[in-house]
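**Q** Model the full assembly from the supplied sequences, consistent with the hints where possible.
Each chain is listed here by its residues.
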Amino acid sequence: MTLKMPTPDEAVLARRAEIVAALRAIVSGEGVIDDADELRPYESDGLTAYRQPPMAVVLPETVDQVAAVLRWCHANGVRVVPRGAGTSLSGGALPLADAVLLGMARFNRILAIDYADRIAVVQPGVTNLAITRAVEEEGFYYAPDPSSQIACTIGGNVAENSGGVHCLKYGLTTNNVLGVELVTIEGEVLRLGGRHLDPAGLDLLGVVVGSEGLLGVVTEVTVRILPRPETARAALIGFPTVESAGQCVADVIAAGIIPAGMEMMDRPAIHAAEAFVQVGYPLDVEALLIVEMDGPAAECDHLVDEVARIADANGAVSLRVSNDDAERLAFWAGRKAAFPAVGRIAPDYYCMDGTIPRRRLPEVLRRMSELAAHHGLGVANVFHAGDGNLHPLILYDAHKPGDLERAEEFGNDILRLCVEVGGVLTGEHGVGVEKRDLMPAMFSDIDLKQQQRVKCAFDPASLLNPGKVFPTLHRCAELGRMHVHGGALPFPDLPRF
Amino acid sequence: MTVHHPTTPEDLERLFADAVGHGGKLELRGGGSKTAIGAARDAEIVDLRGFAGVADYDPPELVLTVRPGTPLADVERLVAEQGQMLAFEPFDHGPLFGQAPGTATIGGVVAAGTAGSGRLTAGGARDHLLGFTAVSGRGERFVAGGKVVKNVTGYDLPKLIAGSWGRLAAITELTLKVLPRPRVVRTMAIEGLGAEAAQAAMADAMGGPAEIAAAAHRPALDGRAAVTLFRVQGFAPSVEARCAALPHLLERHGRTVELPADEAAPLWTSIGRAGALADAETLWRVALPPSAAPGFVAAFDPLGGRWLLDWAGGLVWLGFDGDPALVRSTAEAAGGHAMLLRGPAELRDRVPMQHPRAAGVMALEERVRRAFDPAGIFETGRFLDHAHAH
Ligand SMILES: Cc1cc2nc3c(=O)[nH]c(=O)nc-3n(C[C@H](O)[C@H](O)[C@H](O)COP(=O)(O)OP(=O)(O)OC[C@H]3O[C@@H](n4cnc5c(N)ncnc54)[C@H](O)[C@@H]3O)c2cc1C
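Going down the list, the protein sequences come from chains G and W. Per full-length UniProt numbering, the first sequence starts with residue 1, numbered consecutively. Per full-length UniProt numbering, the second sequence starts with residue 1, numbered consecutively.
Since the hints were derived computationally from the structure, they do not count as laboratory data. Only a predicted model underlies this, so the values are computations on that prediction, with no experimental measurement involved. Where a beta carbon is used, it is the ideal one built from N, C-alpha and C, also for glycine. Please note: incorrect hints may appear among the correct ones.
[As the list claims (entries may be wrong)] Chain G regions said to be covered by chain W (calculated; three or more residues, Cβ under 8 Å):
| hint | segment |
| --- | --- |
| 1 | 227–235 |
| 2 | 353–366 |
| 3 | 381–394 |
**A** Structure below.
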């Protein structure tokens, strides 16, 4: 582990027995875990290089319990790390030695479905896919579809503002959530948004989504559901160069087409995927595009032809268009299996998540291979091509001394490169601990302090998920200070924190 | 009234630091098309039209970076030339207040969270603001968000600043997501429905496969029968198929016919921009769950309220000069909230423009505002919700 987490508070560690007893007074039976062996499953999330058993795990079942746990922790200066399914790839749910891990898994009920208003009200521990399962009989679905959707929870999705292959057309989590119930670290239960569009006042919901568990604990989520598109068709297109594939993507969008999904794979990813699932991906191409259209049959047929024409004009060397759903799913099978496939060609891989302006893709891939040579590690690329979100998979071997550190260094270089060409550090996986120390590559000290002041408005004592997102922990009092003009602060009666 | 005309971020930094120093109150303003919203206030005006022009426009990347004082009309023309659009369909509020159209600026419509009929499916200003540069009430210049369409780095401050009504920071540059303009736009309509039937028809349409982009309803008005509108847009073969399917889908609600574009366009505007209620002295904008809309409007029918439905019923424009407390309590009971958009000065001076939120939420909003504006230089009294207003 190369990142430093906040130093555990010895005084809090010394009070472990008292803290566990207090939690047990709120949540009975198996809802509190303090046994070392039973804590182990919670010691990391999807970013498995980082591990830290929590001081204790609490698994509340009711909003009152969540509020009571938070209120007690707040009153006693104990840190809290919220957790959904623990699939975060940025270490957002990484425990702290002196913190209570607040697991939301027991909040697993669907509370209401309203087809007339096209919404579902669910508890945060419901998995992403379970929402679609609950409404599909009526022909509806929940659009954001992270690849982890069978496991990850909607609470985690809200915290990470998760995306998926369909978010180019249907938006990220934030565009599909209408309301949440949020419990603050002080134990106050607030409702932000509702079953309607647009907030009444400041859009606090908007800033809670994507706040990585730092602003409050989400105990209920209202999402929009959509009618399932009638049909979907996909084109599988091979290109001799990354440039021509990139140009094809740009031309598709310039033609006014926003595909349901537009994914690119580079040569190493294509080869790994084909070796793994044998779906007939062409092996003599440098880049493979999957372009999926959904909607009425007339639309899919029309657009698939358009895309084929554009691909042809850009020198595509192979082109297949799906004629039925089985064929379409076969196109996707390789892409969907890209991660495990890469897992077979290297003992370990590390998934990155930067976004770039699409037009810079050829240059970024070229410099990425230079970086690969420099670090002596392989890299395979899968890419949400429509929105410029790169997922380089860095290949390494955790058992080789120094390999993990080199993989991390390589990853950091890639993300700095993304920022340098006008992009960002993370498109959907979040900052967490993973990209925390890279934040200054994108934001100035002033920018970061402004974000932290928002954190202070929600959690002045910095007890919720500390050590994530922000590279430097400032005390809220220090952040609230203003330069003094003419010797006196104006309005000394105004609250400052 | 003092009006400042800053042209650089440094001007703003100085201006705001000064205000902090001497306890000044500042109102950020674009074209002034929304000045008549909210209570009377005594503040110096900061005219942001000096920050104008396009910083960067890259159509294939679907992003536009522009300065806030740029007229909305100019931005719309620019993106239209590239076959693109602002999909949240912002509009100029000027005509709602008897002004000539054309004063609204892009910064103003984003800061007010303005969105038209397309908001139902394409999202609001909040969903299209990707990033911005601003000067906070602390007199500090900062950036947030990014200039690419997909980004989760750091807090989503763009969501917070969209619809913040100039109470957090002065935006000096904003990056918006732009989308391809549909090739074909057609309007299908059913005539003669009441509110309940119209809402049910809109719900069926939205829940079906016809991919309706917008749905709105106006009751019988100005000699025209009640009409429920469905906008179908996209590529020609798809629009053709969906328009052909819609009458079957909506069979149980009545006869669905196509309206010619020249008839449809003014109808859409009359609802989306509340033009049909131009003569209502007091105008409310009520957001609520669509299925609650018929009950909401029924409460005002016997009291002489006049109304329009947009967003498939999720937005009610209500012209009603009666008890404001009744509007607020009815909206709240319906699970929504009511904004007082237009009304006599006397009313606006005592009724907050935004629907009061629960006490805990109001307190949190106030703390968030203080995070950007610790001295309250933007707390002019316009919103009647500031615990420490002077
Ligand atoms: C194989 C794999 C594929 C993936 N594919 C994608 C993808 O395609 N797109 C994508 O966007 N992500 C993807 N992810 C990342 C991950 O699944 C998402 O970030 C997901 O939203 C995390 O959900 P979770 O329930 O596992 O949350 P956790 O990992 O448990 O927690 C994530 C963060 O949310 C906070 N949190 C959790 N629940 C709550 C709550 N109720 N209230 C407040 N804060 C809370 C935690 O503190 C933490 O900061 C993938 C991960 C894996 C392992």
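**Q** Could you run down the list of hints and mark each one as holding or not?
**A** Taking the hints in turn, this is what the structure says about them:
1. 227–235: Holds, because 3 residues of the segment 227–235 of chain G bring their Cβ atoms closer than 8 Å to Cβ atoms of chain W.
2. 353–366: This one holds; 5 residues, not fewer than the three required, reach chain W with a Cβ under 8 Å.
3. 381–394: holds (count 4)
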